[in-house]
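Asks: What follows is each chain in one-letter form.
Number of protein chains: 2
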Amino acid sequence: RHTEQRQIWLLVDLDSDTSVPVFQVCEWHSPEQLKKLLDLELRDRGEPESEILQRCRDAIRYSVKTSHPRFFNQLYAGMEPYSMVASFIAEAVKTNLYTYEVAPVFTLMEDAVLRKMIKVIGWEEGGDGIFNPGGSLSNIYAVNLARYRYCPDFKEVGMFSAPRLVILTSQECHYSISKGAALMGIGTKNVYTVPTDERGRMIPSALEEKIKLAKSEGAVPFMVNATAGTTVLGAFDPIDEIADICEKHNLWLHVDACWGGAAIMSKKHKHLLKGIHRVDSVAWNPHKMLMASLQCSAFLVRDKTSLLQRCHSARASYLFQQDKFYDVSYDTGDKSVQCSRKPDAFKFWLMWKALGSRELEQRVDRALAMARYLAEEIKKREGFRLVLEPEFANVCFWYLPPSLRNLPESPELWKKLHTVAPVVKQRMMKTGSMMTGYQPLGEKANFFRMVVISPQVSRQDLDFVLDEIHNLGKDL
Amino acid sequence: RHTEQRQIWLLVDLDSDTSVPVFQVCEWHSPEQLKKLLDLELRDRGEPESEILQRCRDAIRYSVKTSHPRFFNQLYAGMEPYSMVASFIAEAVKTNLYTYEVAPVFTLMEDAVLRKMIKVIGWEEGGDGIFNPGGSLSNIYAVNLARYRYCPDFKEVGMFSAPRLVILTSQECHYSISKGAALMGIGTKNVYTVPTDERGRMIPSALEEKIKLAKSEGAVPFMVNATAGTTVLGAFDPIDEIADICEKHNLWLHVDACWGGAAIMSKKHKHLLKGIHRVDSVAWNPHKMLMASLQCSAFLVRDKTSLLQRCHSARASYLFQQDKFYDVSYDTGDKSVQCSRKPDAFKFWLMWKALGSRELEQRVDRALAMARYLAEEIKKREGFRLVLEPEFANVCFWYLPPSLRNLPESPELWKKLHTVAPVVKQRMMKTGSMMTGYQPLGEKANFFRMVVISPQVSRQDLDFVLDEIHNLGKDL
Ligand SMILES: Cc1ncc(COP(=O)(O)O)c(C=O)c1O
Ligand SMILES: Cc1ncc(COP(=O)(O)O)c(C=O)c1O
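So the sequence lines, in the order shown, correspond to chains A and B.
The opening residue of the first sequence carries number 1 in the UniProt record's numbering; numbering runs sequentially from there.
The opening residue of the second sequence carries number 1 in the UniProt record's numbering; numbering runs sequentially from there.
These are computed hints drawn from the structure, not numbers from a lab.
Note that beta-carbon positions come from the ideal geometry of N, C-alpha and C, so glycine has one too.
Be aware that a few hints might be false.
Using 30 Å as the maximum straight-line C-alpha spacing, the simulated DSSO-like pairs for lysine-lysine come out as follows [as the list claims (entries may be wrong)]:
{"id": "1", "chain 1": "B", "residue 1": "K116", "chain 2": "A", "residue 2": "K35"}
{"id": "2", "chain 1": "A", "residue 1": "K212", "chain 2": "A", "residue 2": "K274"}
{"id": "3", "chain 1": "B", "residue 1": "K116", "chain 2": "A", "residue 2": "K119"}
Label-pair ranges, simulated between beta-carbon atoms [as the list claims (entries may be wrong)]:
{"id": "4", "chain 1": "A", "residue 1": "R366", "chain 2": "B", "residue 2": "S30", "range": "40 to 50 Å"}
{"id": "5", "chain 1": "A", "residue 1": "D323", "chain 2": "B", "residue 2": "E217", "range": "50 to 60 Å"}
{"id": "6", "chain 1": "B", "residue 1": "P195", "chain 2": "A", "residue 2": "E247", "range": "24 to 34 Å"}
{"id": "7", "chain 1": "B", "residue 1": "R315", "chain 2": "A", "residue 2": "E247", "range": "32 to 42 Å"}
{"id": "8", "chain 1": "A", "residue 1": "P31", "chain 2": "B", "residue 2": "E209", "range": "14 to 24 Å"}
{"id": "9", "chain 1": "A", "residue 1": "Y318", "chain 2": "B", "residue 2": "E209", "range": "23 to 33 Å"}
{"id": "10", "chain 1": "A", "residue 1": "P48", "chain 2": "B", "residue 2": "K119", "range": "54 to 64 Å"}
{"id": "11", "chain 1": "B", "residue 1": "K430", "chain 2": "A", "residue 2": "Q54", "range": "39 to 49 Å"}
{"id": "12", "chain 1": "B", "residue 1": "E209", "chain 2": "A", "residue 2": "P152", "range": "50 to 60 Å"}
Among the chain A residues that face chain B by a calculated CB cut under 7 Å, a handful are [to be verified]:
{"id": "13", "residue": "K35"}
{"id": "14", "residue": "L40"}
{"id": "15", "residue": "P152"}
{"id": "16", "residue": "E156"}
{"id": "17", "residue": "M159"}
{"id": "18", "residue": "V232"}
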């Protein structure tokens, strides 16, 4: 008789290595230096456990501490302990989610989470969905479903005799839309970008013009991607007005809410997504603002006629046998373009169960309150200038070192300012005191983007951020 | 001054719940029953920790024990402890792999593992690659690169004025090829399936005929997918002969070695992949036979002119700034169609470091020796019949209950035999004594497929499997 492994445990004790400076967000080394520090070569002979343990310590030590309260470099940060426990369990039980027989628990949990998200979105008749390895794939699924609805034959015969298809999206949308268009044979040039207003939101009248333009060229617009929470500015495209246009022109409306979807959890902020109950599909990443472990991305679709499965299925007879003894509608694998698929939904299910919708709501409210605090501080401080008033969690701003503060507004000034953020970034990485991102945008010179996600971040941390940027850049 | 979380620990002690029957592979419940056992609903209020702990126990209890030595249901099984530790660390440090600045350690480790895999494959001039969430995506990358090499313009303009493109693959190939063709706008009907020989291997002359057929129809064949280790039969397409044909017709040759790639590690068995040093790209899943944690799938490409990056890049300025202070060729994110991407390579790197190539080789040799043992036992036993002599780890066989043993070979017999495996499968799931897959194949009635992967599996376990199948099915 077999007994299975009874205890699964892992203990990584950073204290035992006293040289680790635990207050740093990162310990910067160039690729060449780091290669020397980590002996990376794989050899014929293995290494003893003591050495492997040291390699684990090194991997942790030299990795960026994304859960550190001064890590603001991406649209994820902080540690949600329940979700992390769920991810450990998922790793330990080693489950692939294609059939109910091999993943009974996680199949049902995924179903429960999807239903709940659909309810929160407000699709009263229900819907369908699936978790994917990342929001980029969720957006790609949306394009595929929209295309399939437009013409199911493409699945079999391809697009070789199709009219030129056009996707419409704002110029501020995430790059996954054009990566997806390239992958799917639609082409990046057939992603028509719609101008945005001064706050980064798609201009509905401009959308309508672009639709007309495409039609006048003999092309076929088939879907609109609206972004709820753009990557850089945190802008929300006006879904309701866009939905009107999509209805009129019979276009699939997808909302990329990978970043901003969390706002739906908040009574105070859900107005940002007004109209979302009308759309055809939504991509929403709980691994961003809601802090589920990486990765956790849901694709949701309002269709209830198994469009998702019809679009993606291949009916492999070695996996999706129809002569099984249970209800095979629980075998969800054929809704996916993947075969192996991780039970990411569990990571969200467990934390939701532990925290309740209310605590999730409070986290969102807190993140947005912190953004507001940071924006007000920026307005008070000399040398800091907001790129725009934040309406969500993204706080975008320039830092002007004293040498630039009294220069007149001129292309000269902006050219100089453009070089400030990269140097400040370099210095912050080398001291390891904090991490935040910067980027140019259109005509705008390089600016910093701060997003506060983790409840471990305090107002003092935000004060520190502004002090530190000044300290690092004041001589420039 | 901040101190980071110092201890990361998880202890799941199954002993504390004495009702768990630890010898079962699974504890079967129908979806309806299981929904009642797991209170799945997500509510406004969270739950106390003690309840959450119970939910974790339940999630483990009702999950299939894929690391159990009698789990043979998929092409993965067993637990590789080093890889599991790596996956825990990766979850805990919560890293996304797009830029060196945010993932210094894992970027270099991915690079080291890819280089080593490329070396093992035998691409003497080197190559390029990336880890993906699953072999299906790795295969899709191959199709995309092949298409991009054929005509880079498609990336921008799509395929609307392209000639009809054709992919060639064997009829036994994995379904991800046709899922990919559908997603990519090529269409499932433009995947031409090449007949296989009696052992499930692509027939090179038939490949050449299909290429000619496509050309005669005015279509453009642009790639061949050869499978090294087919999903069901474990067949290896003859790469060398196929490479000759691809050279002659200037076709991209991809090898789907997701399952059979492990054989390269073995001096004794690498002949199965003879010719692989000549191909353009390879998909290889260390999460299958080599037992890396889920998921771990490498896509490897022989090109050294950054085809991978050119094909997939979108040059997002918020992530891949060109004014960074380090060598941005270490920012690998733009080689991917994903944005967030997990550091899956680490899970393979750490186990390879700990075990060495030699131990990996021994595991492959052992898995194939066990398959041989099982095949010989099947030949000895009454009522068991091999579908074919295994040349790899897949052992495919029918079980004939006594009532069918003396019937003459006839369609009648096969029709009855077809119903046996599903019933035996149902019974094994309900007792929880073991799990193995079954499927029909072409004209062949439902048969069992056994693959032995984990070194924890003994010959006694295999004897048990045959005894148990007989016990479960003898009355049929
Ligand atoms: C608006 C938006 N959509 C989609 C994505 C892609 O999500 P993922 O990184 O999970 O692929 C991002 C990533 O930052 C995003 O900001
Ligand atoms: C031959 C072959 N290729 C590709 C795959 C797909 O790999 P994944 O499940 O990681 O997507 C499989 C899965 O079993 C396979 O057997």
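Asks: List, from low to high, the hint numbers that the structure doesn't satisfy.
Replies: Hints 3, 5, 6, 8, 10, 12 and 15 are the ones this structure does not satisfy, whereas the remaining hints hold.
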